[in-house]
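Chain order of the listed sequences is A, B, C and D. The letter at position 151 of the first sequence is residue 150 when you use numbering that gives the first Met the number 0, and the numbering goes up by one with no holes. The letter at position 139 of the second sequence is residue 138 when you use numbering that gives the first Met the number 0, and the numbering goes up by one with no holes. The letter at position 61 of the third sequence is residue 60 when you use numbering that gives the first Met the number 0, and the numbering goes up by one with no holes. The letter at position 319 of the fourth sequence is residue 318 when you use numbering that gives the first Met the number 0, and the numbering goes up by one with no holes.
FRET-style restraints, in silico, Cβ to Cβ: (1) B/Gln34 x D/Gly233: 47 to 57 Å; (2) C/Arg260 x D/Arg258: 23 to 33 Å; (3) B/Asp316 x C/Asp291: 43 to 53 Å; (4) D/Gly49 x B/Lys329: 50 to 60 Å; (5) B/Asp327 x C/Gly288: 30 to 40 Å; (6) A/Gln34 x C/Glu188: 39 to 49 Å; (7) B/Asp327 x C/Ala25: 14 to 24 Å; (8) B/Lys197 x C/Ser317: 56 to 66 Å; (9) D/Arg186 x C/Pro171: 41 to 51 Å; (10) B/Ala269 x C/Pro171: 48 to 58 Å; (11) B/Arg63 x A/Ser225: 51 to 61 Å; (12) B/Asp327 x D/Arg289: 37 to 47 Å; (13) C/Pro171 x D/Ala312: 21 to 31 Å.
Rather than coming from a laboratory, the hints here were simulated on the basis of the structure. Given the structure is predicted, the values throughout are model-derived calculations rather than measurements. C-beta: ideal position from N, C-alpha, C; glycine also.
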Amino acid sequence: MTTSTKAAPPGAEEVGRELYTKMTLAAACDERLRQGIARGEFAVTIWPSRGQEAIAAGLGAALRKDDRLVTTYRGLHDMICKGVPLKELIGEVLGRTAGASRGKGGTMHITCPEVGVMLTTGIVGAGVPVAVGLALAARQEGSDRVAAVCFGDGATNTGSFHEGMNLASTWQLPVIFVCQNNLFAEMTPIAETMHIDKVADRALAHAMPGYRIDGNDPEAVYQAVSEASERGRSGGGPTLLECVTFRFKGHYMGDPQRYMPPEQLSAAEAADPIPRYRHRLIGAGVLTADEAVELEQWSSRLVQEAIDEVLASPGPDPSELEVDFFADMKGIPA
Amino acid sequence: MTTSTKAAPPGAEEVGRELYTKMTLAAACDERLRQGIARGEFAVTIWPSRGQEAIAAGLGAALRKDDRLVTTYRGLHDMICKGVPLKELIGEVLGRTAGASRGKGGTMHITCPEVGVMLTTGIVGAGVPVAVGLALAARQEGSDRVAAVCFGDGATNTGSFHEGMNLASTWQLPVIFVCQNNLFAEMTPIAETMHIDKVADRALAHAMPGYRIDGNDPEAVYQAVSEASERGRSGGGPTLLECVTFRFKGHYMGDPQRYMPPEQLSAAEAADPIPRYRHRLIGAGVLTADEAVELEQWSSRLVQEAIDEVLASPGPDPSELEVDFFADMKGIPA
Amino acid sequence: MTVTADTSTMTMAGAINEALDEALSADPRVFLLGEDLADPAGGVSGVTSGLSTKHGRERVLDTPISEAAIAGAAIGAALEGRIPVAEIMIMDFITIALDQIVNIAAKARFMSSGRTGCPITVRTASFGGLGSGATHSQSLEAWFMHVPGIKVIVPSTPADAKGLLTACIFDPDPCLFLETVALYGARGEVPSGTHVVELGKADIKRPGRDVTIVCYGRAVIDALQAADQLAGEGIEAEVVDLRTLVPLDVETIMESIGRTRRAVMAHYAVEYAGAGAEIAAQISSKMFGRLDAPVRRVGARFRPIPSARELEAAVFPSTERIAAAARETARYFI
Amino acid sequence: MTVTADTSTMTMAGAINEALDEALSADPRVFLLGEDLADPAGGVSGVTSGLSTKHGRERVLDTPISEAAIAGAAIGAALEGRIPVAEIMIMDFITIALDQIVNIAAKARFMSSGRTGCPITVRTASFGGLGSGATHSQSLEAWFMHVPGIKVIVPSTPADAKGLLTACIFDPDPCLFLETVALYGARGEVPSGTHVVELGKADIKRPGRDVTIVCYGRAVIDALQAADQLAGEGIEAEVVDLRTLVPLDVETIMESIGRTRRAVMAHYAVEYAGAGAEIAAQISSKMFGRLDAPVRRVGARFRPIPSARELEAAVFPSTERIAAAARETARYFI
Ligand SMILES: Cc1ncc(C[n+]2csc(CCOP(=O)(O)OP(=O)(O)O)c2C)c(N)n1
Ligand SMILES: Cc1ncc(C[n+]2csc(CCOP(=O)(O)OP(=O)(O)O)c2C)c(N)n1
Ligand SMILES: [Mg+2]
Ligand SMILES: [Mg+2]
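Generate the whole structure from the sequences, applying the supplied hints.
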């Protein structure tokens with residue numbers, strides 16, 4: 000096993016700032032993209048992560064840079080918190096050459112190996128077995144890095160999820176299965192698609208440790224991911240983390256959420272993890288109210304700068320189709 | 000709900016006789032087919048069920064005739080105990096027109112709706128979701144029949160198994176998931192393909208009752224299936240039964256079983272469910288030793304009669320290919 | 000065979016909704032299952048809107064994200080004589096249900112020698128053209144053509160959608176019904192009341208004497224526009240809408256080309272090894288010596304579908320590409 | 000490009016084993032995963048026999064029955080630059096792994112614009128001809144041809160099997176390597192040591208001037224026998240073994256047919272919408288006006304594969320059917 004490339008864990012204050020910074024950055028990006036779509040500035044769609052930032056922040060802060068991440072169409076927050084440059088991310092969402100894949104992938108298919116984001120999937124559950132392979136490669140290479148994979152509550156009803164969980168457990172690989180349980184899969188509430196109370200219990204089918212945690216508390220997530228990483232790095236195998244949260248903006252940008260009980264939405268909004276954590280940090284003296292405002296402004300500025308850069312980059316040229324398909328194009332149909 | 004078409008449950012003695020009869024018949028068929036293959040009489044293969052008869056007998060005796068069954072390539076014992084006529088079954092194994100599908104299906108694909116056998120699959124795990132649909136149809140029709148599905152330990156590693164389990168549980172359908180855990184999947188022992196101790200625990204992932212039972216005790220199986228059926232019929236939803244057993248003859252007829260620890264095989268053979276149950280019935284005065292011998296001879300005779308009938312039936316004519324494909328052949332490629 | 004002459008104008012989505020509504024009303028065995036089908040969602044594209052409210056949630060079943068189980072449950076119910084209409088939301092996801100559809104549904108009647116049929120309809124949709132990227136834009140109908148035992152239907156107009164879907168639902172064999180999201184909003188006259196379009200009948204959507212454009216689905220719309228353009232150039236193109244790929248209306252195709260002696264094959268699926276390959280091969284050999292030009296094919300380029308709009312447009316067929324192929328074919332001289 | 004002139008006689012199974020063995024020796028990144036691969040089983044057909052003993056169980060991994068996870072784990076490792084060779088035991092089961100192979104592996108390089116490649120090899124085998132019935136006998140290579148991003152390879156001789164498999168393993172892109180169980184026992188001369196057959200090069204297995212039989216896999220054996228028969232009738236058939244379907248050696252095909260002016264296309268997969276449809280369509284249009292006969296196709300009949308031997312034989316191609324098609328083609332006069 001190679002040893003950790005990460006410095007000693009930062010103190011509680013530093014962690015708090017890092018978590019809050021990540022949360023605001025993820026929220027600012029989500030908000031700005033939604034604003035742009037609503038205004039007709041961008042003719043694209045996104046699957047907003049607003050509300051789920053605490054999970055991404057806790058995960059991104061607890062993982063090392065060389066740890067791997069697989070996420071989904073709703074994972075822009077995960078990617079931002081793992082360190083994907085905003086320009087690459089927004090560039091891909093907007094389909095410009097500044098994008099991570101120069102517009103060929105799109106929002107649902109962002110890859111940024113430099114920070115460990117090896118795959119994003121639009122197909123629910125599909126990323127789970129792939130994360131097992133990432134962890135297998137780590138073991139083969141003698142690295143102690145771990146592979147985290149994010150997915151929703153609905154994804155735990157797929158066969159891929161269970162096949163991946165079982166394989167990771169059988170081979171005792173360092174995978175962290177991060178279920179971002181936002182209580183809905185598209186328009187369908189969780190109770191209509193599973194009979195169990197806790198997604199975390201699905202770990203029992205694979206003799207894997209499974210924990211349900213408050214996905215709106217970034218420190219709880221940070222703590223749980225840190226423990227799971229430690230377990231993984233030291234050969235203790237995989238962990239399932241069910242992080243309970245909520246998505247405030249529906250399934251996709253513009254979702255009228257007709258299926259959403261108004262009380263449920265307003266109760267969730269009242270528990271918005273961002274003001275909640277801000278309040279806690281200010282109360283603990285980690286942050287002043289002014290600093291919090293500054294951080295938020297800084298986030299919005301970073302996002303806007305990235306958007307400006309992206310929009311200044313050209314749209315992709317059809318010649319893109321002739322490269323990065325097969326390494327050798329001989330005999331490949333035109 | 001329509002009411003049960005089955006008479007009041009037979010007394011313990013009758014059940015004992017029924018169970019033992021079923022076991023001997025299943026074993027006799029398996030043995031005669033293996034003998035014929037070994038001798039070069041039949042140029043086919045089978046996946047012997049010898050050793051697993053107690054499960055089939057308990058299941059077949061506890062289910063009603065109108066209850067449904069889905070089983071596998073290793074399920075000849077299940078089918079015999081559910082009432083598939085020997086002639087149809089052996090006819091299909093041997094590929095003659097006497098077979099359940101006139102030779103078009105083969106051993107892995109036997110169907111006999113008259114006794115509730117709706118599907119046999121050669122693809123591991125594939126029958127599980129189909130059983131959910133059978134149970135759904137029962138509910139839609141207002142029938143209280145249940146659907147049982149048999150599969151191996153290895154099948155519980157498939158995505159299909161979990162998707163089917165989850166759906167049955169979510170919809171609280173009357174499905175009995177019968178895992179015939181023979182501790183091996185082809186040449187691979189169970190510990191190499193799952194980390195859990197008990198397959199029954201996989202029910203926990205779906206909030207379903209799950210029980211591990213002695214699959215070599217036909218009465219235990221009978222009891223467990225009876226309870227699960229009762230639960231299903233009365234709207235209590237599905238059940239997972241893990242019946243621990245062993246297959247004595249390896250994966251396929253002729254399997255040299257190089258992977259098999261000799262002590263494990265001999266210990267299993269020492270616990271052969273057939274002599275064990277015979278001994279118990281004789282001890283309990285349900286059967287005399289002579290009657291037991293007679294039953295075994297009667298079973299062998301039935302099997303031989305069926306084989307004779309099958310061999311007297313013609314092999315399938317190529318004209319079979321022109322029928323029972325699409326109901327309407329217009330515009331279908333030749 | 001339209002049984003009423005009344006029509007009303009509606010979208011293709013509306014026509015599909017009407018076919019489902021009428022089928023649910025006509026036969027109590029009909030039921031729908033799939034993700035997010037029930038109200039208030041009424042399907043991700045609103046196609047099943049209102050149906051659960053009208054027919055009840057026992058007839059319009061929301062499912063977990065379990066494509067294998069959706070197909071399996073439909074198949075199980077169909078083996079019992081129910082009439083399930085399963086939705087696989089986006090065709091790219093049908094990969095997950097393929098074992099069930101290909102290995103069970105398509106083979107059920109044949110493998111059982113007619114003892115069970117499998118009258119399922121699988122509705123699915125191609126999302127190409129919306130910039131959703133490579134995993135949400137495929138048209139995989141050629142896969143199903145290659146699997147003996149399932150019918151393959153692709154409507155291009157609201158009226159055909161209603162009539163063909165009705166035929167599929169009540170067809171005794173499995174049907175894959177492929178919808179095109181880019182056409183959901185297209186309006187047309189649709190017969191009111193029961194409207195059945197016989198499977199296996201192509202429709203000459205525009206007569207012409209100079210070149211035959213054989214096409215289906217979205218390509219029909221482009222072909223008609225191309226034919227308009229070409230008419231201005233003095234080229235009269237006949238547009239043959241296949242509507243069903245299995246069964247295939249070979250007579251109508253060959254009769255048309257017998258007149259025009261020139262053929263273009265167009266579809267939105269990838270050209271290489273697509274449906275058009277089979278049809279072009281048949282045309283070329285059946286009309287050998289009677290063609291005045293080689294059969295040209297227009298399909299998607301051999302690339303994963305890129306997300307950015309400019310790139311996506313460069314991969315898919317278009318009115319221009321179809322017009323160009325038809326023009327070259329019409330003007331070809333040996 | 001054989002780098003040594005030494006050869007030895009071995010079976011196709013032996014040649015595949017040797018290719019795997021040498022690849023494992025040559026590059027530490029190579030590893031195998033699949034069901035029952037490790038010793039003592041060494042694969043259900045013994046193809047991987049001895050490899051785990053020699054290279055260790057960390058390089059030859061036994062997996063659970065989880066085809067989606069087998070493919071996913073291979074993909075994840077490949078994204079990290081490992082070189083996985085995954086086995087899907089029987090091609091009919093590849094349906095279960097299809098989402099992973101089609102939606103992730105085949106698209107990885109394109110969707111990431113070259114930031115991740117996916118150098119997996121998926122070995123699978125067609126079990127047709129063994130009487131195993133409809134779900135264990137399919138040849139589905141046409142599906143993969145239709146998916147841009149994966150190479151498709153089907154060897155017909157031991158030497159080609161070794162050379163092509165070696166090329167696949169070290170190819171930077173995903174490869175589907177389809178083996179034919181009915182050919183595992185066929186013997187031939189195989190170059191010792193590193194032996195690579197370039198992907199995309201067809202091989203003229205027998206020269207002839209009267210008609211070209213384009214074929215691959217098992218059909219090559221029949222075509223060669225057919226050519227022998229036809230030679231006795233004064234017809235000299237040229238047998239072009241495609242070896243790879245993607246990339247396709249269009250030059251060699253057309254060059255041959257340019258000489259013979261007559262072509263037959265043969266394969267064991269279902270004829271309708273099979274690989275031969277694409278190739279026949281290309282031949283017909285590229286050689287338009289230069290063919291002396293229509294292109295005839297010989298493939299499996301459009302039926303599920305029946306189990307009984309008489310019926311199975313009536314569905315698959317044969318030397319006789321190929322000879323008949325070649326004879327008719329050679330003797331065709333307009
Ligand atoms: C296999 C598959 N089935 C269906 C879909 C359509 N779909 C996209 S997102 C989604 C809901 C996913 O719910 P969940 O896993 O809870 O994630 P969330 O969107 O809530 O983050 C569905 C059904 C899909 N993308 N993939
Ligand atoms: C999906 C799938 N993968 C692989 C196989 C090959 N195969 C046939 S039987 C078998 C082992 C099944 O083990 P288990 O489920 O325990 O049943 P058993 O044979 O022990 O009764 C395997 C891997 C298959 N038929 N289907
Ligand atoms: Mg969710
Ligand atoms: Mg087993």
